[in-house]
Every structure is written in C-alpha cells, then in structure tokens.
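Engineer: Throw the hints in and build the complete structure from the sequences for me.
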Amino acid sequence: MSRFSLSEIAIDPDIEKQALDDAGAGACVIFEGWVRNHNDGRSVNHLDYQAYAPLALSEGEAILNEALSRFKLREASAVHRTGSLAIGDMAVWVGVSADHRDAAYDASRWIIDEIKLRVPIWKNEHYADGESGWLHPDNTPVHCSA
Amino acid sequence: MSRFSLSEIAIDPDIEKQALDDAGAGACVIFEGWVRNHNDGRSVNHLDYQAYAPLALSEGEAILNEALSRFKLREASAVHRTGSLAIGDMAVWVGVSADHRDAAYDASRWIIDEIKLRVPIWKNEHYADGESGWLHPDNTPVHCSA
Amino acid sequence: MKLRLLYFASLADHAGRAEESIETSASDPAVLYAEVRERHGFSLGLERVRVAVNGQIVPSSHLLNDGDEIVFLPPVSGG
Amino acid sequence: MKLRLLYFASLADHAGRAEESIETSASDPAVLYAEVRERHGFSLGLERVRVAVNGQIVPSSHLLNDGDEIVFLPPVSGG
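Chains as they are written, first to last, in numbering that gives the first Met the number 0: chain B, 0 to 145; chain P, 0 to 145; chain W, 0 to 78; chain Y, 0 to 78.
It is worth saying that the hints were derived from the structure and are not from the lab.
One should not assume that every hint holds.
Unchecked claim - Sample of chain P residues facing chain B (criterion: CB under 10 Å; computed from the structure): (1) Val-28; (2) Val-34; (3) Arg-35; (4) Ser-83; (5) Ile-86; (6) Tyr-104; (7) Arg-108; (8) Ile-111; (9) Gly-132.
Unchecked claim - Computed footprint of chain P on chain B; a stretch qualifies when at least three of its residues, placed anywhere within it, have a C-beta under 8 Å from a C-beta of chain P: (10) 50-57; (11) 124-134.
As the structure is a computational prediction, the values presented were derived from the model and not from experiment.
All C-beta atoms in this analysis are idealised placements derived from N, C-alpha and C, irrespective of residue type, glycine included.
Structural biologist: The structure is reproduced here in structure tokens:
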C-alpha cells in the first residue's frame, strides 16, 4: 500500500487519518499546509501546484518509509494537492501515529521538511496585482527572466 | 469565547478545527492523544478521566492564551475528554494555526506539555488483569497504599 | 469554621468519598492537609499536592475562611 | 540519439512548452542542459537543478541512452 499520494481534488483529512489507526498508538500529530492570503509581503489570490508525478510519488514514498525507520512510529501517511487552489484550501496533509508524542512531533516535522526539500512539486502564486510567479523553496520568487 | 473545553462525549475533530480557520494561516498542527492498549508494559482495557472542572477550564484557557502571546499564532484551541474511554478513543485534541510551521509545531508541543503538567485531570487505567490505578504524570502508577 | 473539601483520583480512593464538609480550626491548607491526611491515611506528602481554594491555585499558607471550598490536587495525569 | 525532455515551473515558462523531443549528441545531462539552456535562455545554472532520467534522480554525469526521458528539476516549492 502506498503511503504518499497526489490528489487533484480536495484532500479529505478524515479519510487520510484512517491510515494512522493503531491500537498501540497514543499520539497522533497532523500537519496541514493551507493556502495563505499573503506571502513575502504580497497579497495572494490563489495558486497552482504542478508536480512531476512519477518522481513525486517515489520520493514521497521514500520519505515516509525513511521516517518509519528513523522514528518510533506506528504509521505515517501524506498527500499533496496538485492543480489550482484557493485561499484556505489544504495544499498538503501529513499524519503520523506513535506510541509517544516525542516521536510523533519529531517525525511529523521531519517529513514535511523533507517533502518541501525533495518532492518535485512547484508552487505558482497568483497575486492580487495580477502578476504571478514560481517560487523557490524559501518562498522567494524565481527571477528567471532578466 | 473559550478556547479550552472539557467534553463528556466523543471529541469531533472536524468541529474543533473550525476554530482554527484564518485566511492568513499557512500551517496547522494538530495533536491528538489516543487511548493506547498498553502502558508501562501492562495491557490496558479502558480508562477513566476525572477532572476538577472549574480549575481545569481556567488553567486550560490560561495555557492557550499564554501560547497565543508566546508564539506567532493565528488561533489555538483544545478539548479534553472526561469519563470512560475505550482503546482508540481520543482523550485530548490540541490544534493551532499559524502563518508558518515553525511557530505551529513549537506552540502545539508547548500546549500539550503544559496541559499534561498543569490541568487538573487524572487518568485511571483499567488493566487486562482486572486491576486499576491512578497514574502519575510520567505514567507510572500511584502507589498510594502502603 | 466550616469548610468543604473535594477529593480526586487517589485521594478520593483513600478518603472513600469525593467530598466532605468538615468543622476545623485549621488556619491554612498546610495545617488542614495534615489533619485530613492523618484521618484518611493519604500517602502523598504536602510537597506533592497543589492546593486550590474556591477554584484558584493558592500557596499552602493561604488564609482559610469559613465556607471555602478546598481541593488538594494530586499530581495530574491528563493528556 | 533521440531524447524526450519534460519541463516544469519556471523552465516550462522559459521554454514555452511542457515537453519536447530532441535529436542530440549530448552524452550526459550536464552537456544536454548546456544545450537546452542556451536554446531556451534558462537563467538557472546547472548547479541549481537536479536531474531525473526515466523517473530516477541521477548525477549530471549519468550516461544517456536513446529514448530516455529527461527532466531538469528547478528548486522545488511544495508544501
């Protein structure tokens, strides 16, 4: 069963969470990334996520499996949106369950950091002033034209 | 509006999460404490939570308000169960929203640690061998009789 | 004076009750705890319990008044 | 040999397309990137892009074969 997925439609956190169930788990940490109405001082209207799907899926899967071996977890699961998102929409969902909360927090943070670092997904922000632009990992704009 | 509550019935995380909505929020971290089927090497059947409600509510509220001033959050909310819980039931739900994930993770962890430290709620575990016992904060049993 | 005490968790088990009203001359929670500890055989020392009077955490030297509601809080285990 | 290239994000904008098939003698992705960078005016240097061949991340010195699918990955911004 795959632990990482891409979704072209709204993420349903209740369905995603079912993958974390385990009678031995005492702690569950969930991270959700939401589309903000602002970035780097600019007003954002909506955004698009583009993924190189085959590699995104294999990198995401590798991250979750590595988390399961690095941290004392019961389960780990994540899903990332693609396509067009509005303010408040969920862009990414990361869930882990563990016996104890130390491992759950550490793993959750590690997974989202690795997703942002490694998974081939790109965010294109559309600003209130009508401009748009692809972003670097640190959320600064890509100035690719001279 | 109160940010901390006690519930005698099952916590509904979808309802709780509505308190976190904010168009400026880009990160949401949720912690859920679930009833484990084991503790300290013993098999657990179910457990009871007892609260000194007036003080639990004011301490919980103080913790969430303190989190909002300590960390750069948009919203923070928490609810703790009382009464009898079965394996897999949600004992506590803690949610925060923030512009960035650093603050969201730090605040979430701080809030659950403070709840476990300060809020007058006690857990009585019922073991598979028929015994039961109140627990200390570190989940070791209270040996209150000689 | 007359005070109302609430007991929780292991203290309630030891006292065999969740609350009681008592007549006492104890001037502060420290003296009061020694009194009820002896009566009910509590094993927890005063240094392990926090004291709430009328829903507020107070020092064990807090001055008690007639009609106060006192709770000795054993170490908590929520979450 | 014939190769298929996919472009994403800012590279797709610059190339004005999401994919193209090209005839090239470039033996590895480093040489190939220099070729397409010049043609499309990519501003990102090779040190800023990762290379995927047939869905796997590879070093820029990876030996290319006829029919390979190559993706130059600009810095990602998911999450």
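Engineer: Next step is simple, just say for each hint if it's right about the structure.
Structural biologist: Hints, verified against the model:
no. : hint    : verdict
1   : Val-28  : 6 Å, holds
2   : Val-34  : 7 Å, holds
3   : Arg-35  : 4 Å, holds
4   : Ser-83  : 17 Å, violated
5   : Ile-86  : 5 Å, holds
6   : Tyr-104 : 5 Å, holds
7   : Arg-108 : 5 Å, holds
8   : Ile-111 : 7 Å, holds
9   : Gly-132 : 17 Å, violated
10  : 50-57   : violated (count 0)
11  : 124-134 : violated (count 0)
Violation of the numbered hints given earlier is confined to hints 4, 9, 10, 11; the remaining hints are satisfied by the structure.
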